[in-house]
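Go by the hints and put chain B onto chain A.
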Amino acid sequence: MTDRRSPLDAAHRAASARMVPFGGWEMPLSYPQGTLAEHHACRHAAVVFDVSHLGTVRVEGPGAVEVCQRAFTNDLARIAPGRAQYTHLLDPVDASVTDDIIVWWRADGSLDVMPNASNTDGVTSALGEEAAAAGEDGIKITDVTASRAVLAIQGPQARQLLASVSPAAAAVERFAVVDVEIAGVPCVVAGTGYTGEDGVEIAVPAGDAVALWEAIVNAGITPAGLGARDTLRLEAGLPLHGHELGAGITPLQAGLGWVVRWDKGPFRGRDALEIEREVGPARRLVGLRAADRRPPRQGDAVLRDGEPVGEVTSGNFSPELGCGIALAFVGGGAEEGSALVLSGRGAERSVEVVALPFVR
Amino acid sequence: MDVPEDLRYSSDHEWVRRSGSRLTIGITDYAQDALGDVVYLEVPSGGAVVAAGERISEVESTKSVSDIFAPVDGTVVEVNDQLGDQPELVNQDPYGGGWICVIDIGGDESGWDALLDAAAYRALIAE
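Chains A and B supply the protein sequences, listed in that same order. The first sequence finishes on residue 432 if you use the working numbering, and the numbering steps up by one all the way, no holes. The second sequence finishes on residue 1208 if you use the working numbering, and the numbering steps up by one all the way, no holes.
In isolation and in its complexed conformation, chain A is listed as follows (with noise of 0.2 angstroms):
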């Protein structure tokens, strides 16, 4: 199967990208100036991503908002139209991570479910399924990724350049959701990122992408791509689905509690993961830090004692520490400030767990 290709794509190789495939389309890895200077960019001043690969799948009509709420672990009763939330859609057997989304809950009522790329027909089929089970004939559940762009403006400078391009998409405050014209071209732009940055992201017609991209580059953004996407996310502490969430992880497991509203009513891996509340997780993600430069790297062990006791899911060079961290897997977690051993490629090496995120 091919890859698909975003909107952008040609002004990605008109700028001499490097693509990647990634969750089934050919995306930006980086730019000719590379991932550290975008990475920096990011942390200092404000870049922008093309995030078109994430889909989204429109949920609207009566019962949308019923069965979103059937669907996911969050709960929509605590935000409002106009407003978007972090949400783990769950495997109803083991009560694993089947993605991790944000949704967009727009002013008129419906929500745009945004999941990982690779997930989108999952979430998809995840919903039809919830919408049959609750009798709502009325629903409509359109996956629409292909009709539009996604780009993510993100740096404490993100605001005030973007204002330049429009001054009603800058002020779009965190987590918000709001329709805003730019240039004419109706957008939907939400105050939320994937960096540990302030920024918006927006939704922009595919036809209309490209000018918008340009007009954001015009502006003094830094265009940026998924290896500075990575490292960014890591310093955050973001989990990456594939990564610190997927099969055979719960929410527990990764230390995202408090995207489970227990107190909601019924939801899809409720029951499964209600087991695990009960005698806790036998696991938990801890971050990692390595006194010096080496990367760890996703299957590198981790041990206590000389015994194996878990593995790292995401490793990277830190640019803004200057060192190696981690996101790992520990069974019966890991105190912070406690040393552990981390075992791959022929070396071992001592590493301290430290709080998350790494960089605020």
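Hints listed in this document are in silico derivations from the structure and should not be mistaken for laboratory results. Here the structure is a predicted model, which is why all the values come from computation and not from measurement. Hints are supplied without guarantee of correctness; some may be wrong.
In silico contact screen, one side only, chain B against chain A (beta carbon under 8 angstroms); selected entries [what the hints assert, rightly or not]: (1) Y1111; (2) G1117; (3) E1141; (4) T1143.
Straight-line alpha carbon distances no greater than 25 angstroms define the calculated DMTMM-like cross-link-like pairs of lysine to aspartate or glutamate that follow [said to hold, decoys possible]: (5) K1144/B x D251/A; (6) K336/A x E208/A; (7) K1144/B x D302/A; (8) K1144/B x D81/A; (9) K1144/B x E208/A; (10) K1144/B x E98/A; (11) K1144/B x E132/A; (12) K1144/B x E269/A; (13) K1144/B x E424/A; (14) K212/A x E201/A; (15) K1144/B x E1159/B; (16) K1144/B x E201/A; (17) K212/A x D251/A; (18) K336/A x E132/A; (19) K1144/B x D163/A; (20) K336/A x D163/A.
Only some residues are given here: those of chain B computed to face chain A with a beta carbon under 10 angstroms [said to hold, decoys possible]: (21) R1098; (22) G1101; (23) S1102; (24) E1139; (25) S1142; (26) V1146; (27) D1166; (28) P1168; (29) E1169.
We put the CB at the ideal spot given by N, CA and C, even for glycine.
Structure of chain B alone, referenced to chain A:
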């Protein structure tokens, strides 16, 4: 990609600069570009006796891990300690400040003779 005429090359994308029996080793412009930003380089052990094809070092970028192999038989007589703190020199100046180590081949010419010249290496990376 820059492929200087006066160097020889291995098929593992290392360059070799000869001065008498001393061969300075690094990774090519092509290799550093393919790796992306280098964030860690394991400096080889000085004094080690190495065989061609033996792993002598490891270079890691934000996206991948790669081994560096001895391109010839010999003894590691000098290492670039600066790369421990500044591995980015491999990206910024692959044929200069990014040199990795010096291997002395003594009187054994076989390893040198087996290396690629610039034209052959250019053909390799054009494939």
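Hint check:
1. Y1111: violated (14 angstroms)
2. G1117: Cβ of G1117/B sits 6 angstroms from chain A, so the hint holds.
3. E1141: holds (5 angstroms)
4. T1143: holds (5 angstroms)
5. K1144/B x D251/A: Measuring from Cα to Cα gives roughly 37 angstroms; hence the hint is violated.
6. K336/A x E208/A: Between K336/A and E208/A the Cα gap is close to 19 angstroms, so the pair holds against 25 angstroms.
7. K1144/B x D302/A: Status holds; Cα separation ~9 angstroms.
8. K1144/B x D81/A: Within the cut-off at roughly 21 angstroms; holds.
9. K1144/B x E208/A: Between K1144/B and E208/A the Cα gap is close to 46 angstroms, so the pair fails against 25 angstroms, i.e. violated.
10. K1144/B x E98/A: Roughly 16 angstroms between the alpha carbons, so the hint for K1144/B and E98/A holds.
11. K1144/B x E132/A: violated (40 angstroms)
12. K1144/B x E269/A: holds (22 angstroms)
13. K1144/B x E424/A: holds (23 angstroms)
14. K212/A x E201/A: holds (12 angstroms)
15. K1144/B x E1159/B: Violated, at roughly 29 angstroms.
16. K1144/B x E201/A: At roughly 38 angstroms apart (the allowed maximum being 25 angstroms), E201/A and K1144/B break the hint.
17. K212/A x D251/A: Holds, at roughly 20 angstroms.
18. K336/A x E132/A: Holds, because 21 angstroms separates the two Cα atoms, which is no more than 25 angstroms.
19. K1144/B x D163/A: violated (31 angstroms)
20. K336/A x D163/A: OK: K336/A and D163/A at ~18 angstroms, within 25 angstroms.
21. R1098: violated (26 angstroms)
22. G1101: violated (34 angstroms)
23. S1102: violated (31 angstroms)
24. E1139: Where the cut-off is 10 angstroms and the nearest Cβ of chain A is about 7 angstroms from E1139/B, the hint holds.
25. S1142: Hint on S1142/B: holds, closest Cβ of chain A at ~8 angstroms, below 10 angstroms.
26. V1146: Where the cut-off is 10 angstroms and the nearest Cβ of chain A is about 7 angstroms from V1146/B, the hint holds.
27. D1166: holds (8 angstroms)
28. P1168: holds (7 angstroms)
29. E1169: holds (8 angstroms)
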